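Produce the complete structure using the sequences and hints provided.
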Amino acid sequence: GVQTCALPIFDQVISERQTLEQNTDAWLLSIQQQIENSDYPKDIESLLSKNKITFTGKFPEYSIPPFKLVFNLHNNSVRLSMGRKSHQTFILEPQSLVHWINKHYEPVVSSSFEQEQFCKEIMSAYKLLSQSHWRRQISLKDVYQVLTIRGDTKQEYPESIFMFDLARLLQNPMIELDDFYFEFAPHKETKKNYFITDTQGKEKTIGLVSIYPKQSRI
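Count along the sequence shown from 1, then add 861; that gives the number in the numbering used here.
Derived from the structure by calculation, the hints contain no laboratory data.
Fair warning: this is a prediction, and the values are worked out from it, not measured in the lab.
There may be inaccurate statements among the hints.
[To be verified] Heads up, simulated DSS-like pairs for lysine-lysine below, C-alpha to C-alpha not over 30 Å straight-line: (1) K903 / K1002; (2) K1053 / K929; (3) K988 / K1052; (4) K911 / K946.
What follows is the structure, given as structure tokens:
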């Protein structure tokens, strides 16, 4: 008799699961209809403008330097990326979505930038990593690790802000501090590179830094 008792419960689970799947399908369909509705991109764009988030491009792909914003209509998700670093959400309701975007965007673009101080910090990490051998190419990922050697500094100085600082620094045609030049180059290993976008939306790939005295003829 045990088996016969179990069957109705089993049937009930199956029917509940079918109802759930039908509801999920209906929910996804309503989201897709909302997105395909011509007002959806307009709503997103007007909310971005209202929140002073500068963007270019058109739905489903926008550039909001230093980020890219991409709507993936196949799985109803939204991705906000900066180089290889990305955040994903399934929030699609315009107001909540733009609030989510702003939560990641605002701290980065409003971060202050002291070029001289930033160069000094890079230089002190460089000296440590290169053992004061000028012109040696040092990984920028290693520089970031040295700058945030204490666990709490990683929270105070997230990698996304370090990347944006690099982007702002590289807007200068010549980078120098006191009597030293700074040179940046891509790393041969792709995964050791930063893919950065500056405030103008220009993209660069960098992974190495070398510093040398202006007087050096080596």
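Hints and how they fare:
1. K903 / K1002: Cα-Cα ~39 Å, so violated.
2. K1053 / K929: holds, 20 Å
3. K988 / K1052: holds, 24 Å
4. K911 / K946: It holds: about 26 Å lies between the C-alpha atoms, which stays within 30 Å.
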